[in-house]
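Asker: The residues making up each chain are set out below.
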Amino acid sequence: MAPLTPAYRLAVAARVVAAIVGGYALAALATFALAQFLPMTKAEASMTATLLSFLIYACAVIWVFATRRKEGFRQSMAWLHTWSGLVVGWILFAVFVTGTLSYFRPEISQWMRPELRDMQTQPGAAAKAIATLQQRASDSPRWFIRLPDAREPVVRATWRDPNAEGRRFKNAVFDPATGEEVTARDTRGGDFFYRFHFELSMKPIWGRWVVGFCAMFMFVAIISGVITHKKIFKDFFTFRPKKGQRSWLDAHNAVGVLALPYHIMITYSGLVTLMFMYMPWGVQANYGDNREAFFDEALAVTAETPAANQPGTLADVEPMLLAAQRHWKGANASMITVHNPSDANSRIEIRRDNEGRLSHSNQSVVFAGATGELIAAAGEPAPATQTHDVVYGLHMANFSSTALRWLFALCGLGGILMVASGLVLWSVKRAPARVKLGRTPFGHRLVEVLNIGVITGLPIAIAAFFYANRLLPVGLAERPTWEVRVFFAAWLLSFLIPILRPARAAWKAQLLAAATLFAALPVLNALTTQAHLGITLSQGNWVYAGFDLTMLGLAGLLGLAARYAARTPAARRKPARNKAETLEDLPAEAERA
Amino acid sequence: MSLFPFALTYTGWVALCLAMSRHAREILQREPSPLQRHLLRAAGWIALTVSLFLAAARTGWPIGTVEWFGMLTASAVSFVLLLTYTPRLAAGLGLGLPVCAAMVTFWSA
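In the order they appear, the protein sequences are chains U and A.
So in this note's numbering, spot 372 of the first sequence is number 372, and the numbers just go up one at a time.
To convert, take the position in the second sequence, counting from 1, and add 593; that gives this note's numbering.
It is worth saying that the hints were derived from the structure and are not from the lab.
It is possible that some hints are incorrect.
Quick look at which bits of chain A chain U covers, simulated, 3 or more residues with Cβ under 8 Å [stated by the list, open to error]:
1) 631-637
2) 667-676
Computed, partial: chain U to chain A, Cβ under 7 Å [claimed, not checked]:
3) Phe237
4) Phe239
5) Ala254
6) Leu258
7) Ala259
8) Pro261
9) Leu358
10) Leu410
11) Cys411
12) Leu413
13) Leu417
Glycine is no exception: its CB is placed at the ideal position from the N, C-alpha and C atoms.
Please put together the full structure from these sequences, using the hints given.
Answerer: Quick look at the structure:
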């Protein structure tokens, strides 16, 4: 390891700043220029340039670090991989976990409202929901109505409250059969994980930038990791258990390489979901501050019709749904947006579901609310926009196919394990250094505590969140907030044992605690609700039964991890049979330990 | 996702793995001849390609391609895990899985 002289520290700091700030500036400039000079329509050029911007940023970062060492390109990439991975690793772990849970957002929301067990999708749900909203929110400028489907057979309505201060949107869950608000416990359900995934429960603007920064360095870590991995093809099928550091590296490589298409896709598409916020310069180049014009042109977001300021009524929505279905050649509607519902110029926008397609493109049909006349329909987007919509759709994974969503969830689990094993590897690799030193430096101890607190603490917090959902009194004021408080309290408590106890004991205790909590969750569910396995399995209600069974599966995985942590003594490492061969076997990254 | 394309991706990985001498020694206790290795490698790539076409034929190219990538990862992870703990079974399933998948498909059709 290079000596940590002031000059060395200064050089590293300079490069870090050059990579983060300079890299962004370079990417922003390139995006601005590309948007102006690409030989396409304005909207397409802005779109293409913005889509490419994160690739440019990543290349700039690699370039800044490429000449860091005399030892060569691969060595400098190993350094970049190790440190970019470590710095953003803990947040990435949480982002990966909550993101993977978000593949089951409707199912989690259902499970967290056990009173809705027997809800069924119903024809006529849309009209009934509109009738209710007319009574409750007739002065609202906009209603969003999510139609029921098999995954979440209730109507979910969101509307803007013109009189409210602060949080301007109101939510409610309606019974599809009656249109009345359901009497279920108040909870944020799966939406909590979904928002946490890209906002971390921070102020949205801050959370999104933090997650975007981490995603960018995840992308850099993936690229530098592939460059560092010397034997990507030769070791493709290799996993050697019970060999200490060697095994951790094998495991890290296996989950990284075998799910590599997913890791690249999910990281880049994650950046794309918020790309106009992270990299506004491509739109800026062609539209200045008139961003709305760009969205109208490129994303075919229907221009809003100004209100006539005269009272109007809404025609029956069912014929409009049928007309929209005919327009889509049989596809179903998933969402209805009503603009200015009490105005003569009201508009009803109907969005199609994602059955049989990847693209998240806005295939809306717009009707005049008062007459039910079809006014406009979104066409096929241009190529760059279509690319954006497909990439966006891949990230959201609202696929109709359950099997495909499970494949994504398994790949997400691969990502979780990749980040976790990478973090652990940092510690494991430095174990010999600690032995030589005879003590644990503060930095090593800090990484250890953070590793245990995050990797085992987050599952504990998630379990606690579900426990709170079942155990908090139903009438409690601000119930959803209390569920979230329990989540964070449990997570904070999970740092206690790692701080007080040696690492191995803490790993073992907390993994065991997490496994026990998940295993007992279906039991608690049976004790507190009528939506438990005894009933849901015999009913074939796979939303509820699937949730409980998945919790048991997670308990099994965490239990295996706990057993592993209990069995392998920390310092025991098999002496290498042939030192020269072993050293040569290790990728460049490991030699630097 | 249908079973048969998934089974075929698994077979593809097994063939590509057997074409590597280190793994072949471990599984078959002998070194495959250069000709055998070429054949195995070709068979592996063909199986992976055919599974892509089968997946696309079922659900269309956009969804089919994504499904195929997912199946590649799922089958490779299961194969590597089996290979670590029961190498003979892992390789045997390369033949067994497609046969089972074909039978299941045939029976349920």
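Asker: Is the hint on Cys411(U) kept, meaning its closest Cβ partner in chain A is under 7 Å away?
Answerer: Holds, about 6 Å.
Asker: Are 3 or more residues of the segment 631-637 of chain A near chain U, judged by a Cβ distance of less than 8 Å?
Answerer: Contact hint for the segment 631-637 of chain A vs chain U: violated, 0 residues under 8 Å.
Asker: With chain A as the partner, please determine if Leu417(U) meets the hint condition of a C-beta pair closer than 7 Å.
Answerer: violated, 10 Å
Asker: Could you check if Phe239(U) really has its C-beta closer than 7 Å to a C-beta on chain A?
Answerer: Holds, about 5 Å.
Asker: For the hint on Leu413(U), just tell me whether its beta-carbon gets within less than 7 Å of chain A.
Answerer: violated, 10 Å
Asker: Given Pro261(U) as an interface hint, is its Cβ closer than 7 Å to any Cβ of chain A?
Answerer: Check passed: Cβ of Pro261(U) comes within 5 Å of chain A, closer than 7 Å.
Asker: When the nearest CB of chain A is found for Leu358(U), is that gap smaller than 7 Å?
Answerer: Status holds, d = 5 Å.
Asker: Checking hints one by one. Is Ala254(U) an interface residue toward chain A, by the C-beta closer than 7 Å rule?
Answerer: holds, 6 Å
Asker: Double-check Phe237(U) for me: the hint is only fine if its C-beta lies closer than 7 Å to a C-beta in chain A.
Answerer: holds, 5 Å
Asker: Is the hint on Leu258(U) kept, meaning its closest Cβ partner in chain A is under 7 Å away?
Answerer: holds, 5 Å
Asker: Hint Leu410(U) vs chain A: min CB-CB distance below 7 Å?
Answerer: holds, 6 Å
Asker: For the segment 667-676 of chain A, count the residues whose Cβ lies under 8 Å from any Cβ of chain U; is that count three or more?
Answerer: holds (count 7)
Hint compliance for this structure: hints 1, 12 and 13 are not met, and every other hint is.
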